[in-house]
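Produce the complete structure using the sequences and hints provided.
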Amino acid sequence: MNQETKYYLFILATFGIASVMLQSIFVPYIEIYDVWKPDVVLIVVLLIGKRFGSVYGSTAGFVLGLIQDSLTTMPIGITALPKALAGYASGKMNTLKMEGTVTFLWFILFIFLHEFLFYFILQFKLEISFTYIIYSRIFPNTIYTTVMLWITYSSTQKHFENP
Amino acid sequence: MTPILNFISHYHQAFLVTLYVILSFIFITSSDTPLVEGMRSSTLTIFGTMQEQVDDASSYFGLEEENRALRKENTRLAYENHQLQDALLENIRLKKLLQFEYKVNYELIPAKVIGNSPQNLITGLLLSTEELHKIEKNAAVMTSEGLVGKIVKISGDYAICQIMLDPNSRVSGKVQRNRQLGMIKWDGANGLLLDHIPNTVEILVGDVIFSSGYSQIYPANLKIGVVNSVETNTNDLFKTIYVTPAVNFNKLEEVFIYNPIKTDEPGN
Numbered sequence: 005m006n007q008e009t010k011y012y013l014f015i016l017a018t019f020g021i022a023s024v025m026l027q028s029i030f031v032p033y034i035e036i037y038d039v040w041k042p043d044v045v046l047i048v049v050l051l052i053g054k055r056f057g058s059v060y061g062s063t064a065g066f067v068l069g070l071i072q073d074s075l076t077t078m079p080i081g082i083t084a085l086p087k088a089l090a091g092y093a094s095g096k097m098n099t100l101k102m103e104g105t106v107t108f109l110w111f112i113l114f115i116f117l118h119e120f121l122f123y124f125i126l127q128f129k130l131e132i133s134f135t136y137i138i139y140s141r142i143f144p145n146t147i148y149t150t151v152m153l154w155i156t157y158s159s160t161q162k163h164f165e166n167p
Numbered sequence: 039m040t041p042i043l044n045f046i047s048h049y050h051q052a053f054l055v056t057l058y059v060i061l062s063f064i065f066i067t068s069s070d071t072p073l074v075e076g077m078r079s080s081t082l083t084i085f086g087t088m089q090e091q092v093d094d095a096s097s098y099f100g101l102e103e104e105n106r107a108l109r110k111e112n113t114r115l116a117y118e119n120h121q122l123q124d125a126l127l128e129n130i131r132l133k134k135l136l137q138f139e140y141k142v143n144y145e146l147i148p149a150k151v152i153g154n155s156p157q158n159l160i161t162g163l164l165l166s167t168e169e170l171h172k173i174e175k176n177a178a179v180m181t182s183e184g185l186v187g188k189i190v191k192i193s194g195d196y197a198i199c200q201i202m203l204d205p206n207s208r209v210s211g212k213v214q215r216n217r218q219l220g221m222i223k224w225d226g227a228n229g230l231l232l233d234h235i236p237n238t239v240e241i242l243v244g245d246v247i248f249s250s251g252y253s254q255i256y257p258a259n260l261k262i263g264v265v266n267s268v269e270t271n272t273n274d275l276f277k278t279i280y281v282t283p284a285v286n287f288n289k290l291e292e293v294f295i296y297n298p299i300k301t302d303e304p305g306n
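In order, the protein sequences belong to chains S and Y.
With my numbering applied, the first sequence closes on residue 167, and no number is skipped along the way.
With my numbering applied, the second sequence closes on residue 306, and no number is skipped along the way.
You may find that some hints are simply not true.
Sample of chain Y residues lacking proximity to chain S, with all beta carbon distances greater than 10 Å (derived) [claimed, not checked]:
1) Arg217
2) Asn228
3) Tyr296
Cut-off 25 Å, straight-line C-alpha distance, at most; resulting in silico cross-link-like pairs (SDA-like, lysine to any residue) [as the list claims (entries may be wrong)]:
4) S:Lys129 with Y:Asn271
5) Y:Lys191 with S:Tyr148
6) Y:Lys277 with S:Pro79
7) Y:Lys289 with S:Tyr148
8) Y:Lys300 with Y:Ile192
9) S:Lys129 with Y:Asn286
In case anyone wonders, no lab produced these hints; they're calculated from the structure.
Using N, Cα and C, we set each Cβ at its ideal position, and we do this for glycine too.
Below is the structure:
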């Protein structure tokens, strides 16, 4: 096992598990209108993808998504699927060596697509219109998660900077 | 073989993510298989243990304030208790006169809320109690305010409770004033809907909704919520009735699990 893989496993174990616990315990306290909340786990998946590449990003998304699903009443896989894709897409930025504002614009798109896909799968179980979900959940959550991503990235930059 | 291996090696990233997508679909469509259930159980036990430690540590900082609030509540309840004792004695005397037998055929098992379901859409609570071995899947969960939901997964000392705001949750409810039956479900935001109430039935804002008891899961007469708006749809058979839940799902720290005592058990 090379140094990079060891560091990846360390980041996945510490930041990944911490993010699932934060999502479960602390995120409900920062909800807005009891509905809008950031996805801390997605933030970690995006940062891992950007730092380590597509393979590690999609694996982190899949594993953390499965853990999230296991702790809910939802079918397992419903979060793992969009998170694996988000991790993969974020990892592609590592290959393309993107930095700065452009990175954040792509992140916003990935967060939106993640939310869109999650609620798109979920809507088969819901009896409310998807249009309502888009403006009441997907857009606000995308904005909130982006803000939290910026805060997280600023405070943990040294761990996610490319070598 | 070499060209195929070269092809796979070249596109290994895309192959891996495709594999994850396929696996996710398989898991979504096979939620009740032993593999998926085992995965849920082990994750719940590991994370339940960790979250309980974190929850204990974080609750330590609010102990002084909580202690003050509990002392105040204790004083109020003690005062109420003194007043109710008279009523209870009178009730017992009257029951004796009428030859009523007072029997409690259930027990309430306290459980600590150690976290919420870690998703964008909160659909469940993570519970912890050492008495989980006594209860079975689908046991009703409540607080003094009213009905919370039901247990959907138990693993060791930890359980997942599906709350009424879960899109899959359905509870049979009745209107206290006119005994009209309906179906309680999530409204898509942070409240509940009372469904299957015909347009011809009068429902008023402020009507209280209780569980009907016509279910093997939820006992009767548990408060569900209060009607906050009623819309009559001329093109539809049923009214749209919005209900404010009796329980504030965001501020739950402890809940009680309803455990009916089987009458054929020895010692009951």
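Results of checking the hints against the structure:
1. Arg217: Holds: least Cβ distance 26 Å, greater than 10 Å.
2. Asn228: It is violated; Asn228 (chain Y) is separated from chain S by about 5 Å at its closest Cβ, not greater than 10 Å.
3. Tyr296: holds (18 Å)
4. S:Lys129 with Y:Asn271: holds (24 Å)
5. Y:Lys191 with S:Tyr148: The hint is violated at about 31 Å.
6. Y:Lys277 with S:Pro79: violated (31 Å)
7. Y:Lys289 with S:Tyr148: With Cα atoms ~22 Å apart, Lys289 (chain Y) and Tyr148 (chain S) stay inside 25 Å; holds.
8. Y:Lys300 with Y:Ile192: Roughly 20 Å between the alpha carbons, so the hint for Lys300 (chain Y) and Ile192 (chain Y) holds.
9. S:Lys129 with Y:Asn286: It holds: about 24 Å lies between the C-alpha atoms, which stays within 25 Å.
The earlier numbered hints that this structure contradicts are 2, 5 and 6.
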